[in-house]
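Undergrad: Residues per chain, in single letters:
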Amino acid sequence: MIGSTDAAAVKLLAKRKRADRIFRAFCFFAASLGVLILILFLYKILIDGVGRMSWNFMRTNLSSRPARTGIWPAIVGSAYVMALTAIIAVPMGVAAAVYLEEFNTRKSRLSEFIQLNIANLAGVPSIVYGMLGLAVFVRWMALHESVLSGALTMSLLILPMVIIVTQEALRAVPKGYRDGSLALGSTYWQAIRFQVLPSAAPGIFTGIILAISRAMGETAPLIVVGAAAYVSSIPRNVHDRYTVLPIKIFDWAGEAKPGFNQAAATAILVLMIALLLLNSVAIYLRARARLRR
Amino acid sequence: MNKCLLRAIKAATVFLSIGLAGFGCGSGNTTIAPLGEKVTAYDDGSLTIDGSTTVFPVVQAMGEDFHEDNPSYSVTINKSGTGSGLQKFERGEIDIAAASRPIDPKEDADLKAKGIDYIEVPIAYDGISVVVNPENSWVDSLTISELRHAWNLTSGVKLWSDIRPSFPKEKITFHGPTDNHGTYEYFTEAIDGKKGDIREDCQKDQEYNSIIQAIAGDRGAIGYVGFNYYDQNRDKVKIVPIDAGKSPVVPSTETIANGTYAPLSRPLFLYISKVGYDTKPQVKAFVQFALSVKGENDVKESSYVVLPKELRDAIARHLAAETTGTLFSGATPGTKLSDLYTKATGK
Amino acid sequence: MANATPSPDSQPIAPGARFRRRFRPRGLSEGVVKWLCFVCALVSILTTVGIITVLISQSIPFFKAVSPADFFTGTVWSPTPEPGKFGVIPLIVGTLTITVGAGLFAVPLGLLSAIFLSEYANPKLRNFLKPTLELLAGIPTVVYGYFGLFFVTPLLKHVIPEIQSSNALSGAIVVGIMILPLVSSLCEDAISAVPRSLREGAYGLGATKMEVTTKIVIPGALSGIMASFILALSRALGETMAVTLAAGSNPVLTFNPAKAIETMTAYIVSTSKGDAGVGTVRYNSIFAVGVTLFVFTMAMNLIAVRLVKKFRQVYS
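Those protein sequence lines, which keep their order, are chains G, E and H.
According to the working numbering, the first sequence is numbered sequentially starting from 1076.
According to the working numbering, the second sequence is numbered sequentially starting from 124.
According to the working numbering, the third sequence is numbered sequentially starting from -1.
Hints are not guaranteed to be accurate.
[Said to hold, decoys possible] Under the rule of at most 20 angstroms between Cα atoms (straight-line distance), these lysine-lysine pairs were calculated in the PhoX-like manner:
#, chain 1, residue 1, chain 2, residue 2
1, E, Lys369, E, Lys459
2, E, Lys432, E, Lys459
3, E, Lys397, E, Lys237
4, G, Lys1332, E, Lys359
5, E, Lys361, E, Lys294
6, E, Lys407, E, Lys397
7, H, Lys257, E, Lys294
8, G, Lys1332, E, Lys423
9, H, Lys155, G, Lys1119
10, E, Lys317, E, Lys229
11, E, Lys417, E, Lys432
12, H, Lys155, H, Lys257
13, G, Lys1092, H, Lys213
14, G, Lys1090, H, Lys207
15, H, Lys207, G, Lys1086
16, H, Lys155, E, Lys359
17, G, Lys1332, E, Lys361
18, H, Lys83, E, Lys317
19, E, Lys281, E, Lys294
20, E, Lys281, E, Lys292
21, H, Lys213, E, Lys318
22, H, Lys62, H, Lys83
23, E, Lys397, E, Lys235
24, H, Lys213, G, Lys1090
25, G, Lys1092, H, Lys207
26, E, Lys318, E, Lys229
27, E, Lys417, E, Lys407
28, H, Lys83, E, Lys281
[Stated by the list, open to error] Pulled from the structure, derived: some chain H residues nowhere near chain E, Cβ distances all over 12 angstroms:
#, residue
29, Pro106
30, Arg124
31, Glu132
32, Ser183
Just so you know, these hints were derived from the structure itself, not from any lab.
By construction, the Cβ of each residue, glycine as well, lies at the ideal position given by its N, Cα and C atoms.
Only chain G is shown next, with the shape it has when bound in the complex:
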């Protein structure tokens, strides 16, 4: 019968549609909340920090007087540690991922274990890596509180990330590339080196940049491993002591004198700009890779 059920059905439909609209509104609110918070935070940092922002601030040495302090040693220290970290962690991470994905087609128990292990390591809090670095690099290998200790510790920290990201990039390469190469008579390694790796390179590169930008913001492990609170000049070689931007931000944010709090905001601005630049490179590379497909 059409008559009575029709009205009920129409009412129900209207109710369902309304629920749908409300649900949509909730979801939109949730998504835009994130954006809203981001905008608020950036605005707050901009207001707090832009007052002291200048080339002079970036090029001046550290000082105990808030009005005179700059962050030059921290910038150089951060850049130095990051560059060294990248050099150590990237080849190791890519090689490990290549092993797990390409060479290891016989899924042995060992490789399953390694895979699980890497997934675990990716979730370990960064401060635990600091404690590891202190015991192994600073004390046992007697590298003391140098740039090298810091870089080695940070490499261990981002290694799981690099491996996972590289693995995903390698997985995204179509099987046809490998198979075609092998069918033409190449060895496995030749297939990897000339077909798979170049094809996966944009993804790998993007992932590496993301891992490095995560490392740039890490504070806790470097505090434990001995990055100083004050250095009078930039590190001259890998054995020198150093400081990094996030540590100065942490110190200054907790200071009593409000002038330091403002310096912290400006240092945050510098750090965010550096990260923004790095991430834009990543996004650009990813977009380029998409276009080529």
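Model the placement of chains E and H on the given structure of chain G, informed by the hints.
TA: This is chains E and H only, laid out in the frame that chain G set:
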């Protein structure tokens, strides 16, 4: 990805590695030997100081000005804490340890066992200041016994009137630094008689800034901070004069320096290795800088209290004689520094 | 299904068998390459071994002085006066308060925003919102600590005047914001993995978008969604700098969000920077707390992996 870009990245990586490795093999072969042995390796003109977070502001200012005067020496200063600083000092990893308390017997014994001679140099006074909320109009002073009554481990004080009946019946909250601060140890030893003895519901905070904020926001709050934190926040909190038996004394640079603000004024120390002092010119130069007029200015700027002249002279004589060891074994809070030095040098 | 390992002298292989290739290095250099890559993969195992060794060997002296029973069941953490009470429960509760609080904030919002991004948003909006959320994920943790101190707490002061400058609520909010993009992007990946055909079938039957999402898509992506929650919570658990600045350093057992607390991570940072003599019981407590922390995060990661395996829907 085109071949050119890939090649460029490979080339850049190779160049970077060579460059950084070259850097690494370059100058700066700081061989850090245990301090008992003679340092025969090339001394790269660096000076490393680590230790107390309380002393850090003063040492940082000194280090910065010292570096300005002597740009050839590079200075690194960290604030891992008094205990960690002394430990690193023992391992020979740093030249100077900054401490907000005298070296304790165990650390002294460890250093002796390693054959490390050290010179103890006080560089400033700090006065622990008891502060309350600005709206607290009833507290004009507190005696030591009242403080002990309120702060000790078994204290039952819940209202201000429990401390002194003439105070209003307002709820009292206690604030102070966490137990890894020298300030905490000194305050508890001076007021409660035993290090670490403090009421359990004291709100402990790692940062002095937070303590000030907490007290500023709570009418019935009371807390203790280092003098420099009080001095820089006079607008936020009100000082409580301490009556140690004679009359209430307000902490100020004068009262802390001449010892009338007792027992809550304490010296801040530098511990220097004798070998370092003799073999590394920058160590000697820094210590002398710290005791000079410029060093005094740094102390004042950090809102700590300069040692009085006679005391500084006694310390200088002590230093010139390179007398090692500590004068403070067994010393209790409130002991006058000048007494200890007079006893030691007989002057 | 036969797992045939083909050799050069090809044996007849059953049709449909899955091939497992054996890697035979041709020449010495290829063998070396494979070996090098293997060594690099082993570094990860060395790292885990290193972490476990360091943590356990340094906490053994601690557990000699403080019995594990006292440590794990004690509710007072008060290293001084000597000999000190080392009950880790306040630190665990502090950590869990932040983690659960952050989860309460990030999990529903993250899931809803992922739904919006994958189901409701038009491509242009999606292309704007997604990178913006990823930007949030890229902000360093110490910056979130700064926000907690100088932005969130002053705001909260209007609502709760007696709030301390470092407090649990600030910490939870700030960490929640930090893991929001993680939840969102992981959930979105999980949701996108559900095949279109399922959705279209439901639409064909006359369902509204909301019904499709809640009844078909989410159950279908359940394993990925749950894994994302747990991974995000595990990240919140291990968070250090933001909570050190924003949540405080007061290891006290309290459920009052306006008060300062201390998480396990913040305790490790503040004590290793503090005045405790190295080698004392108080200093070694760092490693005992580190072991606890490590066990917690590892347990959560294992649970996440298990859940993914259990709930995974295989789409043919």
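Undergrad: Tell me, which hint numbers fail for this structure?
TA: Hints 21 and 28 not satisfied by this model.
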